[in-house]
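Work the whole structure out from these sequences, hints included.
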Amino acid sequence: MDDYKVTTKSISHYGKSVFQKYEKDRMSLVDVCKIIRSEEYKEVTLHLRSIENEDDARQFKMKNFEHVRMSGVFYFNSDDGLKHHSGYICIDLDHLDEDIREVSAKLILDPFFYTLILFTSPSGNGLKWVIPIDISQGGHRACFEAIAYYLKETYGLVADPACINVSRTCFLPYDPECYACKEILEQIV
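Taking numbering that gives the first Met the number 0, the leading residue of the sequence shown gets 0, the next gets one more, and so forth.
Everything labelled a hint here was simulated from the structure, so no lab data went into it.
Some hints could be false.
[Unchecked claim] Cut-off 25 Å, straight-line C-alpha distance, at most; resulting in silico cross-link-like pairs (DSS-like, lysine-lysine):
1) K23 - K60
2) K41 - K62
3) K20 - K82
4) K23 - K82
5) K181 - K33
6) K33 - K15
Here it is in structure tokens:
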């Protein structure tokens with residue numbers, strides 16, 4: 000883990016509209032974990048989870064949740080806008096049939112991937128798994144494909160294919176039980 004500086008403000012942070020073209024500021028994984036664990040997004044997260052219609056819920060999320068691009072800093076919000084890669088990838092695991100706590104434990108204890116942060120998705124029925132990657136070994140897309148294959152073969156989990164995009168948006172929900180690695184925990188005061 001020494002190669003990764005979790006306190007470095009190495010990811011782009013955007014406001015409450017997914018259509019915002021330019022970053023609001025930059026954040027570190029420590030900042031992200033602090034916000035997710037705080038009550039800042041509690042009300043909006045609970046409201047989203049109360050919306051029964053899937054399209055209405057998606058529209059609400061796109062207009063009311065702040066978000067980050069975990070894989071780097073961007074000039075603008077597309078893969079072509081990447082300024083520099085953070086060395087992280089956020090894998091979305093949606094519509095989990097298994098118990099979320101059981102899946103979380105498997106991922107945290109995985110012998111091949113080091114979990115930086117892991118939290119429940121805004122919808123409440125999925126997980127966001129942030130791990131370090133080495134893009135010098137084939138790039139972001141190749142890393143995603145390898146991780147997705149591993150998750151399917153090892154745990155029967157299907158990673159959201161949209162995570163192949165380096166500019167993939169990650170909405171910031173409320174999750175007071177957000178897992179953080181020891182390097183992040185040491186920085187949370």
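Q. Do the alpha carbons of K41 and K62 lie within 25 Å of each other, as the hint requires?
A. holds (16 Å)
Q | Distance restraint between K181 and K33, which requires alpha-carbon spacing of 25 Å or less | A | holds (14 Å)
**Q.** Restraint status (C-alpha distance of K23 to K82 at most 25 Å)
**A.** Between K23 and K82 the Cα gap is close to 15 Å, so the pair holds against 25 Å.
Q) Within a Cα-Cα threshold of 25 Å, do K23 and K60 meet the stated pairing? A) holds (18 Å)
Q: Would you check the hint for K20 and K82, treating anything up to 25 Å between C-alpha atoms as holding?
A: With a Cα-Cα distance of about 14 Å, the restraint between K20 and K82 holds, given a limit of 25 Å.
Q. Straight-line Cα separation of K33 and K15 no greater than 25 Å?
A. holds (18 Å)
The structure is consistent with each of the numbered hints, conforming to all of them.
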